[in-house]
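Make the full structure from the sequences, and use the hints.
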Amino acid sequence: MPHDHSDGPEHSHLSDIDARVRALESLLSEKGYIDSAAVDEIVDTYQTKIGPRNGAHVVAKSWTDPEFRNWLERDATAAIHSLGYTSRQGEHMQALFNSDQVHHLVVCTLCSCYPWSVLGLPPTWYKSPPFRSRAVIDPRGVLQDFGINIPDDVSVEVHDSTAEMRYIVIPERPTGTDDWSEDALSKLVTRNAMIGTGFALSPAEVS
Amino acid sequence: MNGAADLGGMMGFGPVDDEPEFPKFHNAWEERVLGIIVALGACGQWNLDQSRSARESMPPATYLSIPYYQIWLEAAITLMRARGMVTDEELRSGQQLIDPIAVKATLHPENVQKVLYTGGPVDRPEQGEPAFKAGDTVVTLNSNPTTHTRLPRYARDKIGEIERIHGFHVFPDDNALGIGENPTWLYKVRFSAQTLWGEDKNPNDTITLDLWEPYLRALE
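Residue numbers (the numbering used here), protein chains in the order written: chain P, 2 to 208; chain B, 2 to 221.
Derived by calculation from the structure, the hints in this document are not laboratory data.
Keep in mind that this is a model prediction, so the values were computed, not measured.
Glycine included, each C-beta is placed from N, C-alpha and C at the ideal position.
Among these hints, one or two may not hold up.
Simulated restraints on C-beta separations [what the hints assert, rightly or not]:
| id | chain 1 | residue 1 | chain 2 | residue 2 | range |
| --- | --- | --- | --- | --- | --- |
| 1 | B | T79 | P | R23 | 14 to 24 Å |
| 2 | P | D101 | B | D201 | 19 to 29 Å |
| 3 | P | D179 | B | P131 | 39 to 49 Å |
| 4 | P | T65 | B | P146 | 45 to 55 Å |
| 5 | P | D154 | B | I180 | 42 to 52 Å |
| 6 | P | S203 | B | T63 | 13 to 23 Å |
| 7 | B | E182 | P | G33 | 46 to 56 Å |
| 8 | P | D76 | B | G45 | 23 to 33 Å |
| 9 | P | G177 | B | D18 | 23 to 33 Å |
| 10 | B | P146 | P | E31 | 35 to 45 Å |
BS3-like mimics (lysine-lysine), calculated; alpha carbons at most 25 Å apart, straight line [claimed, not checked]:
| id | chain 1 | residue 1 | chain 2 | residue 2 |
| --- | --- | --- | --- | --- |
| 11 | P | K50 | B | K134 |
| 12 | B | K25 | P | K128 |
| 13 | B | K202 | P | K50 |
| 14 | B | K25 | P | K32 |
| 15 | P | K188 | B | K25 |
| 16 | B | K115 | B | K25 |
Dropping the structure here:
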């Protein structure tokens, strides 16, 4: 991990940040701008409640329920909100469907826009310069960093999240899952598959 | 502005390092920063675009060398200092030295779920008709504003095609200046990789951006 500075020259720098943040939280609490118990609640929500399992539910449902898939195509915001995933950074959604003709990849070159409501907080790499700089100019190279090779005759469509639209990639349903339940299917859906830097897992990969 | 945040197309940062879903945070201070920044939103002292503008306005060398949550931290401090919420002396001591300013609200734990699940939609009641429709060819503005914009450098003065109309959304360039939301039509615009990056790119590849009407002109 690039930011796992548990020792080395940057250790004192990060200890300094740790102290600064503690002082800031204390100051802002004293001034009545924040309530540390609310900060705890926000952190706990994103640690334990809002994460990629939400998106995996959306994807698995789209694989098993044609009516839902159709709704997701027409109005992803309403379809996703109908499952209760209404939280912030998911107010305006569009679903991008992978096929044997097209592979979608989502990025935010300007900051870190990400569909928190269905994927939770973004991984560090999503917010960092290597991904943000290269996803638009060399998407196939970025995908290779994730072990993915897209054939030249398959389109790669990159979506730069420059506004408040948030994107979820609907990966292709793995073969050999015809009789699988929605719940079982959801376990095949990874965070990266919904960003476009991965595929859904095969049955063999979860057995 | 042409700041360090506008990263699309830059080179030399090396490969992307994947990471597992957990841990969500790599240092204890990062989770506190996330929570503090979300909680501060309730104070109503800045809007989304003002916070983005503060983050991208820091010196490029700083922006590129600190962890992402620290970018959030430094920008929030800049905004709070500018509004008289905190002073340098208070930040150094960690103790209140002047009275707090009046804020809209303080977020308490019993309201957190409601606030998170209500979100903050940026679509507004539609006014007038969109200038473009799906399939129209447009050219993006050639412009280098010194203030906040969401039209990245790599997509300026480029020819693209309207793919769909997303809706009528707050215009960030104005909202960041505090001169009003001035909502306008937002479009999904598709560009070929060859148009943006050159003939050696795969002719099957495209990049889409979400762009507001003031960024677009009809191709003459």
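Here's how the hints hold up against the structure:
For T79 (chain B) and R23 (chain P), the Cβ-Cβ distance of about 19 Å falls inside the hinted range of 14 to 24 Å, so the restraint holds. Here the CB-CB span from D101 (chain P) to D201 (chain B) is close to 25 Å, well matched to the stated 19 to 29 Å. Hint check: D179 (chain P) to P131 (chain B), Cβ distance near 43 Å, so the stated range 39 to 49 Å holds. At about 47 Å, the CB distance of T65 (chain P) to P146 (chain B) agrees with the hint of 45 to 55 Å.
In this structure, D154 (chain P) and I180 (chain B) meet the distance hint of 42 to 52 Å, their C-beta atoms being roughly 48 Å apart. Distance hint for S203 (chain P) and T63 (chain B): a CB-CB separation of about 44 Å, inconsistent with the stated range 13 to 23 Å. The hinted range of 46 to 56 Å is not satisfied by E182 (chain B) and G33 (chain P), whose Cβ atoms lie roughly 28 Å apart. In this structure, D76 (chain P) and G45 (chain B) meet the distance hint of 23 to 33 Å, their C-beta atoms being roughly 31 Å apart.
Taken as a hint, the range 23 to 33 Å holds for the pair G177 (chain P) and D18 (chain B), whose Cβ atoms sit roughly 31 Å apart. Distance hint check for P146 (chain B) and E31 (chain P): the Cβ-Cβ separation is about 39 Å, which falls inside the suggested range of 35 to 45 Å. This hinted pair does not check out: K50 (chain P) and K134 (chain B) have alpha carbons roughly 40 Å apart, beyond 25 Å. At most 25 Å may separate the alpha-carbon atoms for a hinted pair to count; K25 (chain B) and K128 (chain P) meet this at roughly 13 Å.
Under the criterion of a C-alpha separation no larger than 25 Å, the hint pairing K202 (chain B) with K50 (chain P) is inconsistent with the structure, at around 41 Å. Under the criterion of a C-alpha separation no larger than 25 Å, the hint pairing K25 (chain B) with K32 (chain P) is inconsistent with the structure, at around 29 Å. The hinted pair formed by K188 (chain P) and K25 (chain B) meets the criterion: a straight-line CA distance of about 19 Å does not exceed 25 Å. Note on K115 (chain B) and K25 (chain B): the hinted pairing holds, with a Cα-Cα distance of about 22 Å set against a maximum of 25 Å.
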